[in-house]
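K.L.:
Sequence:
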Amino acid sequence: MKALIAFASMSGNTEDIAAILKQTLEGKGIETEMMEFDDTSAEDLSSYDYVLIGSYTWGDGDLPYEAEDFYEEVSTLELSGIKAAVFGSGDYSYPKFCEAVHTFHDMLKSTGASVFPETLKMELAPDTDEDVACCEEFATSFLTWAALSEKRAEHHVS
1 MKALIAFASM SGNTEDIAAI LKQTLEGKGI ETEMMEFDDT SAEDLSSYDY
51 VLIGSYTWGD GDLPYEAEDF YEEVSTLELS GIKAAVFGSG DYSYPKFCEA
101 VHTFHDMLKS TGASVFPETL KMELAPDTDE DVACCEEFAT SFLTWAALSE
151 KRAEHHVS
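Sequential numbering from 1 applies to the sequence shown in the UniProt record's numbering.
A few of these clues could be false.
So the derived label-pair ranges between C-beta atoms look like this [unchecked claim]:
(1) T128 - K28: 34 to 40 Å
(2) L77 - E123: 28 to 34 Å
(3) D91 - A147: 18 to 24 Å
(4) D60 - Q23: 30 to 36 Å
(5) T76 - K2: 37 to 43 Å
(6) Y92 - D49: 32 to 38 Å
(7) S11 - S80: 32 to 38 Å
Since the hints were made in silico from the structure, they are not lab data.
As the structure is a prediction and not an experimental result, all values here were calculated from the model.
We put the CB at the ideal spot given by N, CA and C, even for glycine.
Please take these sequences and the hints and turn them into a complete structure.
P.N.:
This is the structure in structure tokens:
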């Protein structure tokens, strides 16, 4: 199984989360690539079993500039068969904490991807043991959910 973690990170917080997710997935035997949105081709998403999208939130709940093109490209794709999850970092001092996470989550659902109902929203950086454990648990829960989704799909095939 192959996973892609695509992300945007200005201060390094979302990249730190992505690195923990990557390490956790690889520890579960998943071949995982981690790339910034600028280095990721939206068309290549279909070559992965799992896609995890991470973004910080800019200003008043907006996608960051470096996420806009990727978002637009992905939103036009048909991604049925892909298992996806969304994570991000934010700052509670802003009124729309981690709004970019919701924006990506909704968009991925509209592409036909199977989207993990849980999201990971982190206040700034994952710099405590509890934060790291939260990231690891998110990745593990995502894989468990994905495996159950695949089993359900197999049982519903006629």
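K.L.:
Is the distance from the Cβ of Y92 to the Cβ of D49 consistent with 32 to 38 Å?
P.N.:
holds, 34 Å
K.L.:
Confirm or reject the claim that S11 and S80 have a C-beta distance inside 32 to 38 Å.
P.N.:
holds, 35 Å
K.L.:
Tell me if the beta carbons of T76 and K2 are separated by a distance inside 37 to 43 Å.
P.N.:
violated, 22 Å
K.L.:
Is 34 to 40 Å respected by the C-beta to C-beta distance linking T128 and K28?
P.N.:
violated, 23 Å
K.L.:
Determine whether the Cβ-Cβ distance between D60 and Q23 falls within the hinted range of 30 to 36 Å.
P.N.:
holds, 33 Å
K.L.:
Check the following: the C-beta atoms of L77 and E123 are separated by a distance inside 28 to 34 Å.
P.N.:
holds, 31 Å
K.L.:
Please check whether D91 and A147 have a Cβ separation lying inside 18 to 24 Å.
P.N.:
violated, 34 Å
Taken one by one, the earlier hints fail for this structure at numbers 1, 3, 5, listed in ascending order.
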